[in-house]
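On the provided structure of chain A, position chain B as indicated by the hints.
Number of protein chains: 2
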Amino acid sequence: MYLIAEHILTPKRGILNNYLLVIENGTIKQIRRRKSVEEKREAKEVQILIPGLVNSHTHLPMSLFRGTVEDFPLSEWLPKVWDIEKRLSRKDCYYGALLSLVECTRNGITTVCDMYFHEEEVAKAVQESGLRGFLSYGMIDLGMEDLREKELEETMKFLDYISGEKFDRIKATLGPHSPYTCSKELLLEVKRISKEKNLKIQMHISETEEEVMEVKEREGLRPVEYLEKIGFLSGEEILSHGVHLSEREISILSMRGSSVVHNPISNLKLSSGVAPISEMVERGVNLLLGTDSAVSNNSLDMFQEMKVSSLVMRSMGKTVPPERYFQMATSNAGKALGIKIGEVEVGYRADLVFLEKGPNLVPFEGYISLVYSANPSNIVGVMVDGEILFQEGEYLRIDAERILRKAERRYHDGIRSEEDKMG
Amino acid sequence: MYLIAEHILTPKRGILNNYLLVIENGTIKQIRRRKSVEEKREAKEVQILIPGLVNSHTHLPMSLFRGTVEDFPLSEWLPKVWDIEKRLSRKDCYYGALLSLVECTRNGITTVCDMYFHEEEVAKAVQESGLRGFLSYGMIDLGMEDLREKELEETMKFLDYISGEKFDRIKATLGPHSPYTCSKELLLEVKRISKEKNLKIQMHISETEEEVMEVKEREGLRPVEYLEKIGFLSGEEILSHGVHLSEREISILSMRGSSVVHNPISNLKLSSGVAPISEMVERGVNLLLGTDSAVSNNSLDMFQEMKVSSLVMRSMGKTVPPERYFQMATSNAGKALGIKIGEVEVGYRADLVFLEKGPNLVPFEGYISLVYSANPSNIVGVMVDGEILFQEGEYLRIDAERILRKAERRYHDGIRSEEDKMG
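Chain order of the listed sequences is A and B.
Numbering-wise (the numbering used here), the first sequence opens with residue 534 and increments by one.
Numbering-wise (the numbering used here), the second sequence opens with residue 534 and increments by one.
Okay, chain A solo, but in the shape it has when bound (with noise of 0.2 Å):
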């Protein structure tokens, strides 16, 4: 298959106009200029070529319930949500997770990071979207060993259900919820399952300062100075939010190779702090981008995330300059998940999203167009693995009509009316 971009944004090698892509068995085979008769005959043309976005941090079953808890602290919205997932079927979890795939594929977003409990509906669900997904049962055994047990088993049925299936663009991960959920025990059995079985690990790390102060009180020392101490750390662990990180903290991470998630939205509306993004990437530490749920943003849209944290570094007085915020969305992911990924180049995989002009991108000034001025409504085309799974408004893979109705069906007869009798 052949592509020909007017203009190719590249996380890390530039801008590159007027090249051809040369795509086979869904990998990127070549890029060039020089292009023949036949080649350009045949070439789907594109305006704009970015590769997908990645969303590194959600929880995607919980789109089902969006609009539903607004406006509290994360202290007061957890037990509020946490109500509503008690009476969350596995169905649900499977149409919640699909309606957010839907959303995502609109959105560029070709590769999702996810922790959650009915994690193989959630399986079954990005499976059948097309988009990349690396899950993890979420884990939490609050120092109990009788817990702590049941966890780790749901974790091993959990990676036997995607080893057994044919999940061919999943990868499962493990999941500890959080330091100040999980014990020390539990954490070092991760550390472990994941050296032995060659697993990333997804977390949560530092979102609000009270989780800080839990841990400092608990251990004596802030959640990344413990991880540090325990051997946690090696460069495999996704840790999402680290919103509440001393200097130190940012050294460790930094020295270990540890990748953070920024939410932006997510941080902003659960009133939990501005995570020190500029000092994070002075220091080098590996930065990826995520929305968190819908429910704490109420969004899946990366742009979003890109402009909302720009600006908020902005009315400190900080600059992120927007090729970082592109490569938080790409590059940086795919070097975090180990994959080749989040690059236009060649012997990546051709997980690709087309964009077109419209009047927000004129004029057009590369990076700084697509991270400040770009919204979904200029994205006109979503390929994973050189699959075209989203075309002029049309989902070419799945049927989004019907999960929609479905999702919204779900919704009134169950979580909602169960709400309006509480309320």
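Think of the hints as simulated: they come from the structure by calculation, not from any bench.
All figures in this text were calculated on a predicted structure; none of them were measured in a lab.
A couple of the hints might just be wrong.
Since copy identity is lost for identical chains, a pair holds within one copy or between any two.
Calculated cross-link-like contacts (lysine-lysine; reagent style DSS-like; alpha-carbon spacing at most 25 Å) [said to hold, decoys possible]:
| no. | residue 1 | residue 2 |
| --- | --- | --- |
| 1 | LYS749 | LYS690 |
| 2 | LYS730 | LYS868 |
| 3 | LYS890 | LYS939 |
| 4 | LYS657 | LYS624 |
| 5 | LYS851 | LYS613 |
| 6 | LYS683 | LYS868 |
| 7 | LYS657 | LYS851 |
Same frame as chain A, now just chain B:
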């Protein structure tokens, strides 16, 4: 013309499900539940219907050089912008305005309030676009009498121009730039003309701490106190920014019925500060919403403004309900401008926007979904005075492609090459 809407979101009355709208001569004639078979057959069906959004503060021609002045605070940003503005021809202003108007149309903005120079060109562009415009020539006298006379003369010429030609959707307003760039004499003369000719006034107010201090040094009072003292405030004025306001100043604005335009993204981007929105809402100040220019934004997208402001409020532990933001973007503006727009109500102009749900608006939770989750990809129709300007991706009144091409060329041939020479 008949419209049947699954959901009508009105800023004040609430949400109406499955209603019929009858539109005659550009006006909403009827809203009712009962529909005849014929009405149903002839009606255009829409999923979500809202009043057209009002961008209450912008500088339309500036989109022509968006992306060129990035990451400076206002005090350093302004001289760089002035350097570019010196090179702008009348035609540049015309095409810059048209470029912005294509984006506004695409994004469901049906009314724009503008202040710039070569404002006749802006008026021509607005008229061609079919949008509604409240336009002013921006006056600055810096205390100099001859400059003051020249500026007032320019304004008079602009008023003549507007009244002379057939500008049916445009009203002239008066545009003294701000209390720190305009003398008392100019402000009082503006007030006199406003009363005599029944014209609204657009002005910047208290955008930065520095300008507040400048006025305080010169007049011994903060800007709003000063305007109150000289008798400038009467409710006809639409004051943009209002970032640095004391409690006393908020009281004055509330008492006088002045309108304040909140420009959250521009204020963050230029490190100006955060406007006391929840305080102003509490005190009953008539709040509007604006994008400012695309050079300090870099979009003209009212959904972004609503969401970003709500997030910044939440980050401070404050909550401004979504319906309030929706009012700022619609009905409050209608009130400030003294015209029946910004509400879906009998007797109001048929300035309407149609949205389709898409995955990001499922489940649909009314104002919450609109303010926290909607984006321009949901917009499928835009109407002013009952005339459809945008429908399913097509611009029915303007040649958008030609405008984008022309604007891009003017940028590259004029502004950018000069910039490059300088750099």
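Taking the hints in turn, this is what the structure says about them:
With identical chains, the CA atoms of LYS749 and LYS690 are never at most 25 Å apart, being 33 Å at best within one copy and 69 Å at best between copies. Taking the shortest Cα distances, LYS730 and LYS868 sit within 25 Å of each other inside one copy (19 Å), while across copies they are farther apart (65 Å). When the C-alpha separation of LYS890 and LYS939 is checked against a cutoff of 25 Å, the pair qualifies only between copies, where the shortest distance is 14 Å, while the shortest distance within a copy is 34 Å. For a Cα distance limit of 25 Å, the shortest separation of LYS657 from LYS624 inside one copy, 11 Å, qualifies, whereas the shortest one across copies, 56 Å, does not.
Taking the shortest alpha-carbon separations for LYS851 and LYS613, only the inter-copy value of 19 Å comes in at or below 25 Å, while the best intra-copy value is 35 Å. In the homo-oligomer, the alpha carbons of LYS683 and LYS868 never lie at most 25 Å apart, since the shortest distance is 32 Å inside one protomer and 61 Å across protomers. Neither within a single protomer nor between protomers do LYS657 and LYS851 lie at most 25 Å apart by alpha-carbon distance, with minima of 42 Å and 39 Å respectively.
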